[in-house]
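Numbering-wise (our numbering), the sequence shown opens with residue 76 and increments by one.
Be careful, since some hints might not be right.
Taking lysine to aspartate or glutamate pairs in the EDC-like style, the calculated list, with each CA pair at most 16 Å apart, reads [claimed, not checked]:
no., residue 1, residue 2
1, Lys248, Asp270
2, Lys188, Glu229
3, Lys460, Asp352
4, Lys272, Asp245
5, Lys330, Asp270
Please keep in mind that the hints were generated in silico from the structure rather than gathered at the bench.
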Amino acid sequence: MKKFFVTLGFIYIFCHSLCAIPNFYLITIGEAKEPYAMYGHTAIRIADTALNMDFVVDWGVFNFNQPNFYPNFAKGNMIYTTDTQPFTGFLYYNHRSGKGAVMEEILLNDQQKIRLWLALSQMLEPENRDYRYRFLYDNCATRPRDLMEMALQEDLIYPENPPFDGTYRDMLKQYQNVNLWYDLLIDIVLGSRIDIKPDIREQMFLPEYLKACWETSSVLDYGNDDDGISILSGDGTHPLLGAPVVLSEKTPLAKTPRWLAPEIIFILLFFVILILDILKAGRRFLRLFDILFFGVLIFFSLLIIFLWGFSEHLEAHDNYNILWLTPLYIFTLIGLLKQKKILLIATCCYLALFLILMVFNVFPQQFPLTAYLVALIIGERCVGKIVRA
């Protein structure tokens, strides 16, 4: 089956006058609640009624049963595969999932279609099907982008202005706001590299923005003169994509209730701890709280260190969250449990300095509001223990 695609590509070159040229379509799948499907999906449909061919090329296939799946996932060594499946099966699955799907024809002349077909056939070669997944740089949306650029080259013209004016983080938050706790997790584990503004080509790492960029892109429009020589026709260009066709409607996603947002929970937690401290009540509860609270903070600090220093998740490198989620909190916990004032005073001074630097925007990274609230809770615990000791 795989070699069939390559063979058929050459048949199109030599015999395309005797048979139909396939039509290509961009399919954009909406987002889902699962983290791996939260940002949507992209596929390319190839249809040719003359050869009774109608299938979808999918760059987002992975296998949970592959060796060392979870360790490789943690280290950033995830292997994804380029696969094909019948269009009807692909459409049925996405219709049942409620993600929503939109299809747009890729408007190319016969020569451009043949070039695209050959580039796609090359991607489907066994040695080229697998690739190392990169969240921002190499995924199911960037692969079709690269395919189109490889096939069309100078025939493909991007618009001057990107569809979004913001950083990678701003782009991701549009999808993560469905699950506010997941949004906080991403804010914690991804570093300053997502706080830069991507250009129009870089924005295509998200399926919806690949779609938006292609909708405003154009292709050089060629015709033949009286001598059969290829020349630019009309105004020289035409749109890359045709009119959108809705294949399936999207089911609205259930959002995290606002009262369960991390900021609300941490604010309530702060006032509960403050009241207990003022009333000098619940000492056993506060002791247990200190162990659990600082244990969680230390865990996430170690996670940041691992992702930054020992993984290939490039977007998790240069993560300044390590300054407010620091493993040094082990000394703060010791100070609280053993009533070591000097450790608690040092923690307060450190947090005060960090908050001042945050207010003046010294760091090249956007910190979540939760960082301020965590610092507030830590400050209350330290000051409360110093006052009571």
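Here is how each hint holds up against the structure:
About 12 Å separates the Cα atoms of lysine 248 and aspartate 270, which keeps this hinted pair within 16 Å; it holds. With a CA separation close to 15 Å, the supplied pair lysine 188 and glutamate 229 stays within the 16 Å bound. Taken as a hint, the lysine 460 and aspartate 352 pair is honoured in the structure, with Cα atoms around 8 Å apart against an allowance of 16 Å. Of the supplied pair hints, the one linking lysine 272 and aspartate 245 holds, its CA atoms being roughly 9 Å apart against a limit of 16 Å.
Simply put, lysine 330 and aspartate 270 have alpha-carbon atoms about 25 Å apart, too far for the 16 Å limit, and the pair is violated.
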